[in-house]
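Protein sequences appear in the order of chains U, Y, L and Z. Counting from 1, position 59 in the first sequence corresponds to residue 59 in my numbering; the numbering is continuous, with no gaps. Counting from 1, position 190 in the second sequence corresponds to residue 190 in my numbering; the numbering is continuous, with no gaps. Counting from 1, position 9 in the third sequence corresponds to residue 9 in my numbering; the numbering is continuous, with no gaps. Counting from 1, position 226 in the fourth sequence corresponds to residue 226 in my numbering; the numbering is continuous, with no gaps.
Fair warning: there could be bad hints in the mix.
[Claimed, not checked] Stretch by stretch, here's where chain U covers chain Y in the computed footprint (C-beta under 8 Å, at least three residues):
1) 106-119
2) 191-197
3) 202-212
[Said to hold, decoys possible] Okay, derived cross-link-like pairs now, SDA-like style, lysine to any residue, Cα gap no bigger than 25 Å in a straight line:
4) Lys-210(U) with Glu-143(L)
5) Lys-18(Z) with Val-149(Y)
6) Lys-181(Z) with Val-149(Y)
7) Lys-11(U) with Gln-230(Y)
8) Lys-216(Z) with Ala-132(Y)
9) Lys-231(Z) with Glu-69(Y)
10) Lys-11(Y) with Leu-14(U)
11) Lys-11(Z) with Val-46(Y)
12) Lys-181(Z) with Arg-50(Y)
13) Lys-216(L) with Lys-221(Z)
14) Lys-231(Y) with Asn-77(U)
15) Lys-54(Y) with Gln-230(Z)
16) Lys-224(L) with Glu-134(Z)
17) Lys-18(L) with Ile-136(U)
18) Lys-11(Z) with Lys-11(Y)
19) Lys-18(U) with Pro-17(Y)
20) Lys-221(Z) with Leu-70(Y)
21) Lys-210(L) with Glu-134(Z)
22) Lys-18(Y) with Ile-23(U)
23) Lys-18(Y) with Gly-20(U)
24) Lys-224(L) with Ser-74(Z)
25) Lys-216(U) with Lys-18(L)
26) Lys-231(U) with Asp-67(L)
27) Lys-216(U) with Arg-71(L)
28) Lys-181(U) with Glu-141(U)
29) Lys-216(Z) with Leu-70(Y)
30) Lys-216(U) with Asn-138(L)
31) Lys-224(Z) with Leu-14(Y)
32) Lys-216(Z) with Pro-111(Y)
33) Lys-231(L) with Gln-230(Z)
34) Lys-224(Y) with Gly-63(U)
35) Lys-18(Y) with Ile-23(Z)
36) Lys-210(L) with Asn-203(U)
37) Lys-210(U) with Cys-127(L)
38) Lys-216(Z) with Gln-230(Y)
39) Lys-221(Y) with Pro-111(Y)
These aren't lab readings, by the way, just hints derived from the structure by calculation. Beta carbons are placed, not taken as given, at the ideal position from N, Cα and C, and that holds for glycine.
Each chain, letter by letter, is given below.
There are 4 protein chains.
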Amino acid sequence: MFKKLREQCWKANLELPKLGLVIYTFGNVSSIDRNRGVFAIKPSGVDYDRMEPKDMVIVDLDGNVVDGELRPSSDVNTHLVLYNAFPHIGGIVHTHSTHAVAWAQALRPVPIYGTTHADHLAGDIPCTPLMADERIANDYETETGNQIVESFRAEKLNPDEIQMVLVAGHGPFTWGVNAEKAVYHAKVLEELCRMAYLTERINPDAPRLKASLIEKHYSRKHGKNAYYGQKN
Amino acid sequence: MFKKLREQCWKANLELPKLGLVIYTFGNVSSIDRNRGVFAIKPSGVDYDRMEPKDMVIVDLDGNVVDGELRPSSDVNTHLVLYNAFPHIGGIVHTHSTHAVAWAQALRPVPIYGTTHADHLAGDIPCTPLMADERIANDYETETGNQIVESFRAEKLNPDEIQMVLVAGHGPFTWGVNAEKAVYHAKVLEELCRMAYLTERINPDAPRLKASLIEKHYSRKHGKNAYYGQKN
Amino acid sequence: MFKKLREQCWKANLELPKLGLVIYTFGNVSSIDRNRGVFAIKPSGVDYDRMEPKDMVIVDLDGNVVDGELRPSSDVNTHLVLYNAFPHIGGIVHTHSTHAVAWAQALRPVPIYGTTHADHLAGDIPCTPLMADERIANDYETETGNQIVESFRAEKLNPDEIQMVLVAGHGPFTWGVNAEKAVYHAKVLEELCRMAYLTERINPDAPRLKASLIEKHYSRKHGKNAYYGQKN
Amino acid sequence: MFKKLREQCWKANLELPKLGLVIYTFGNVSSIDRNRGVFAIKPSGVDYDRMEPKDMVIVDLDGNVVDGELRPSSDVNTHLVLYNAFPHIGGIVHTHSTHAVAWAQALRPVPIYGTTHADHLAGDIPCTPLMADERIANDYETETGNQIVESFRAEKLNPDEIQMVLVAGHGPFTWGVNAEKAVYHAKVLEELCRMAYLTERINPDAPRLKASLIEKHYSRKHGKNAYYGQKN
């Protein structure tokens with residue numbers, strides 16, 4: 001019944017270890033079918049190399065498991081909040097990729113130092129505040145999602161333009177128009193974090209990329225005047 | 001006679017080079033059968049790609065070789081001390097993995113900076129003191145085990161909860177309920193050491209993860225209220 | 001009609017992900033046929049593993065697409081400027097390889113610290129100035145090429161001897177007598193950037209290699225007294 | 001005629017790219033037959049994946065090519081000096097491996113920070129002085145060998161115990177009782193350089209390993225009381 005959705009989700013999950021973004025079960029991908037109002041997500045704690053499409057768990061937008069024999073990822077409620085708050089996103093990825101985690105543990109947004117970064121987003125990669133104790137004691141995974149959404153609102157960030165975030169002390173979440181694009185952003189984020197780390201070592205006074213170059217590179221690839229890639 | 005035990009041990013040893021944790025013969029795994037009171041351990045100085053299950057050496061809990069034609073790992077007495085002192089552990093790993101060795105050589109415990117760490121243990125990764133000269137001159141490998149056990153007692157650490165340690169100036173030992181889990185901890189330790197290294201470079205003032213987040217993440221995966229993974 | 005040229009270009013493009021120099025579509029190679037006055041270049045935004053030789057786009061030295069069904073790389077005008085300004089080069093590579101981007105983002109030329117560097121060029125790896133706003137607003141990719149050419153003229157660098165450059169805030173361009181050699185320089189550049197990065201960490205006061213050693217190593221491999229490699 | 005010697009040399013050369021120690025032609029291995037007074041060495045500038053055993057060049061201890069159709073490695077005279085000065089060594093390796101080059105470019109010996117290092121040598125990894133201009137102008141590769149030999153004599157180092165060296169501003173040479181062991185030392189050296197680099201970042205005040213631990217680890221593996229590995 002949810003065969004195609006499960007296959008997309010399963011395939012996107014398998015990309016994570018191939019791209020060097022996760023070891024063991026350190027990550028998960030979900031993929032949503034907006035028409036039916038359900039998403040498929042990795043089951044909790046199951047190894048990537050033993051997982052089959054049928055193991056993907058189908059969850060509706062109220063958080064109910066509607067199909068599947070396994071428990072969904074323990075992060076399912078974070079995915080749920082993001083799908084409800086960001087209506088255009090089609091897939092979500094959570095990893096513990098090394099350099100993204102290091103920036104999250106350092107409690108720092110990633111400064112936009114170059115065009116590789118500006119090709120994908122036109123500002124720093126945001127980092128949420130550390131979660132307050134009462135929220136941790138509450139429904140932790142839901143609050144993780146809330147914190148991301150509140151950060152975007154507080155900083156007036158557009159989740160259709162900035163498709164990645166660091167959760168302070170924890171690690172990255174990324175999303176995109178579909179699960180495949182969300183995985184793409186997870187890989188790009190890890191690489192941007194590594195480049196920014198090296199840039200600061202090589203020149204502790206390296207400035208952010210200037211606005212005109214950010215604007216140029218971002219608009220080459222995004223928006224109505226984009227000219228990167230092939231015409232559809 | 002010890003066919004299954006040897007196979008478990010051999011298989012776990014082969015994981016070390018595959019996971020990038022050892023080059024050449026820089027590591028060893030042992031696996032214990034508590035009912036029979038014997039453990040299997042890698043033979044000393046034998047290449048991973050030439051090793052067969054039959055080459056694993058069977059040792060009893062007094063340190064006697066009870067079966068096998070080769071010499072056991074030169075670290076056998078360290079394994080012996082740990083099996084005798086920590087009654088619930090089923091497997092032990094020693095490696096010289098790069099980032100774990102770097103912290104051990106830096107003579108520093110690894111601060112708990114994030115949730116990746118807290119998913120596995122609820123405090124810093126301990127580092128023993130440097131061994132005193134008279135102990136080095138004595139039975140060195142036994143004393144290495146003693147030093148680990150004494151460190152855990154002095155700091156009131158529970159070896160069923162903290163399943164990894166750095167031996168100062170030397171490198172890591174990890175353990176677990178079986179050899180496979182001990183290898184898992186060896187890989188996780190290396191990754192935690194790498195993340196902590198990067199975190200301190202990106203923000204030299206990065207704080208330890210706060211207690212409420214440590215508690216939340218550790219208890220998600222461990223203890224009676226754990227909800228990560230599948231029901232058994 | 002342009003079968004051989006397309007094959008050379010295609011093959012050289014495929015080397016980039018194999019050598020770890022690009023992820024996704026983060027790079028491009030072109031290859032010129034000087035006799036016919038045309039070059040083949042990677043199509044824009046097409047994945048390396050889906051690309052076939054026929055997809056390479058043929059462009060003349062006025063920048064007109066003369067054959068091919070896809071749009072050329074968005075960087076085509078940078079390649080065009082370089083082919084017109086540097087008459088002996090036969091291939092050009094652009095990547096976003098990690099360490100080269102880090103130096104470009106740090107806005108620093110790469111100091112010549114050792115013989116690995118001197119085996120390939122006899123001075124620092126140049127880094128252009130950041131582009132002025134009015135040039136960015138103009139034809140950006142053409143201006144990127146202009147900026148490289150002007151940097152070489154201002155610093156009196158010979159593009160037949162220094163076959164690599166960092167574009168400030170962006171990343172590397174390399175070239176060579178053919179596309180294969182340009183790819184070779186892209187890989188060597190990434191490695192030189194990584195070595196220089198590490199050198200400065202290990203010794204912040206490390207001096208540039210002395211002139212006599214630079215001269216010795218460069219002339220071992222280049223010019224009429226070269227004695228490295230086989231006689232042709 | 002030199003079939004076995006060529007095969008050993010060829011096989012050892014092929015290990016270098018497999019172990020991640022060289023890219024392209026950035027390294028060479030030689031293997032000596034002491035009874036016949038000749039050694040086999042990699043030909044200059046030939047790619048590892050195109051090389052066949054017959055391409056190895058046979059050179060005598062006066063530096064004459066006695067068999068082979070290709071030019072020997074441009075570093076042949078460095079190998080020659082080392083074979084003549086160090087009578088017990090059976091193989092020599094030169095690479096430009098990343099971390100070893102970084103220490104050589106930083107002009108620093110590698111401090112002995114831990115037991116991984118002490119398992120292989122009982123002191124710092126030496127680094128030669130920078131070569132004087134008049135020696136560079138002379139027979140450069142011979143002088144590179146001379147400089148290594150003089151460094152060992154000046155510091156009273158035993159080449160049978162310390163089987164690796166950094167040539168200042170250049171990179172590493174390693175050796176061993178045969179070519180296979182020399183390659184082993186090249187890999188170990190790269191790893192020790194990486195560990196020492198990380199150790200100094202994690203703790204800039206990290207002390208050298210204390211003498212009793214150095215002595216213990218070195219003598220576990222070397223000399224008449226060694227007990228590591230299997231009895232022969």
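Hints versus structure:
Look at the segment 106-119 of chain Y against chain U: 4 of its residues bring a Cβ nearer than 8 Å to a Cβ of that chain, three or more, so the hint holds. Counting residues of the segment 191-197 of chain Y whose C-beta lies closer than 8 Å to any C-beta of chain U gives 4; at least three are required, and the coverage claim holds. Only when three residues or more bring their CB closer than 8 Å to a CB of chain U does the claim for the segment 202-212 of chain Y stand; here the count is 7, and the claim holds. For the hint linking Lys-210(U) to Glu-143(L), the alpha-carbon distance of about 16 Å falls within 25 Å, and the restraint holds.
Using a Cα cut-off of 25 Å, the hinted pair Lys-18(Z) and Val-149(Y) is violated, with the two alpha carbons roughly 40 Å apart. Proposed proximity of Lys-181(Z) and Val-149(Y) is contradicted: the alpha carbons are some 37 Å apart, above 25 Å. Note on Lys-11(U) and Gln-230(Y): the hinted pairing holds, with a Cα-Cα distance of about 21 Å set against a maximum of 25 Å. Distance check on the hinted pair: Lys-216(Z) and Ala-132(Y) sit about 12 Å apart at the alpha-carbon level, within 25 Å; holds.
Under the criterion of a C-alpha separation no larger than 25 Å, the hint pairing Lys-231(Z) with Glu-69(Y) is consistent with the structure, at around 11 Å. Pair hint Lys-11(Y) plus Leu-14(U) holds up; C-alpha atoms about 24 Å apart against a cutoff of 25 Å. Annotation: proposed proximity of Lys-11(Z) to Val-46(Y) holds, straight-line Cα distance about 20 Å (limit 25 Å). With a C-alpha separation of about 17 Å, the suggested pairing of Lys-181(Z) with Arg-50(Y) holds against the 25 Å cut-off.
For the hint linking Lys-216(L) to Lys-221(Z), the alpha-carbon distance of about 41 Å lies beyond 25 Å, and the restraint is violated. This hinted pair checks out: Lys-231(Y) and Asn-77(U) have alpha carbons roughly 19 Å apart, not beyond 25 Å. A C-alpha spacing of about 15 Å is found between Lys-54(Y) and Gln-230(Z), which places the hinted pair at or below 25 Å, so the restraint holds. For the proposed pair Lys-224(L) and Glu-134(Z), the alpha carbon gap of about 22 Å is at most 25 Å, so the pair holds.
Taking the CA atoms of Lys-18(L) and Ile-136(U), the gap is near 44 Å; set against the 25 Å cutoff, the hint is violated. Annotation: proposed proximity of Lys-11(Z) to Lys-11(Y) is violated, straight-line Cα distance about 28 Å (limit 25 Å). At roughly 18 Å between alpha-carbon atoms, Lys-18(U) and Pro-17(Y) fall within 25 Å of each other, so this suggested pair holds. Distance check on the hinted pair: Lys-221(Z) and Leu-70(Y) sit about 17 Å apart at the alpha-carbon level, within 25 Å; holds.
A C-alpha spacing of about 13 Å is found between Lys-210(L) and Glu-134(Z), which places the hinted pair at or below 25 Å, so the restraint holds. At most 25 Å may separate the alpha-carbon atoms for a hinted pair to count; Lys-18(Y) and Ile-23(U) meet this at roughly 13 Å. For the proposed pair Lys-18(Y) and Gly-20(U), the alpha carbon gap of about 14 Å is at most 25 Å, so the pair holds. Straight-line distance between C-alpha atoms of Lys-224(L) and Ser-74(Z) comes to about 16 Å, which keeps the hinted pair within the 25 Å bound.
Proposed proximity of Lys-216(U) and Lys-18(L) is contradicted: the alpha carbons are some 30 Å apart, above 25 Å. Note on Lys-231(U) and Asp-67(L): the hinted pairing holds, with a Cα-Cα distance of about 17 Å set against a maximum of 25 Å. Straight-line distance between C-alpha atoms of Lys-216(U) and Arg-71(L) comes to about 19 Å, which keeps the hinted pair within the 25 Å bound. Of the pairs offered as hints, the one joining Lys-181(U) and Glu-141(U) holds, with about 23 Å between alpha carbons and a cut-off of 25 Å not exceeded.
For the proposed pair Lys-216(Z) and Leu-70(Y), the alpha carbon gap of about 23 Å is at most 25 Å, so the pair holds. A C-alpha spacing of about 10 Å is found between Lys-216(U) and Asn-138(L), which places the hinted pair at or below 25 Å, so the restraint holds. Between Lys-224(Z) and Leu-14(Y), the direct Cα distance comes to roughly 31 Å. Violation of the 25 Å bound is thereby established for this hinted pair. With a C-alpha separation of about 30 Å, the suggested pair Lys-216(Z) and Pro-111(Y) falls outside the 25 Å cut-off, and the hint is violated.
Among the hinted pairs, Lys-231(L) with Gln-230(Z) is inconsistent with the structure: their alpha-carbon atoms are about 48 Å apart, more than 25 Å. Proximity of Lys-224(Y) to Gly-63(U) is assessed by CA-CA distance (about 24 Å); at most 25 Å being required, the pair is judged to hold. Distance restraint check for Lys-18(Y) and Ile-23(Z): the Cα-Cα separation of roughly 22 Å lies within the 25 Å cut-off, and the hinted pair is therefore satisfied. Simply put, Lys-210(L) and Asn-203(U) have alpha-carbon atoms about 24 Å apart, close enough for the 25 Å limit, and the pair holds.
A C-alpha spacing of about 17 Å is found between Lys-210(U) and Cys-127(L), which places the hinted pair at or below 25 Å, so the restraint holds. Taking the CA atoms of Lys-216(Z) and Gln-230(Y), the gap is about 47 Å. The hint is violated against a cut of 25 Å. The straight-line distance between the Cα atoms of Lys-221(Y) and Pro-111(Y) is roughly 20 Å, inside the 25 Å bound, and the hint therefore holds.
Consistency note: the structure conflicts with the earlier hints numbered 5, 6, 13, 17, 18, 25, 31, 32, 33, 38.
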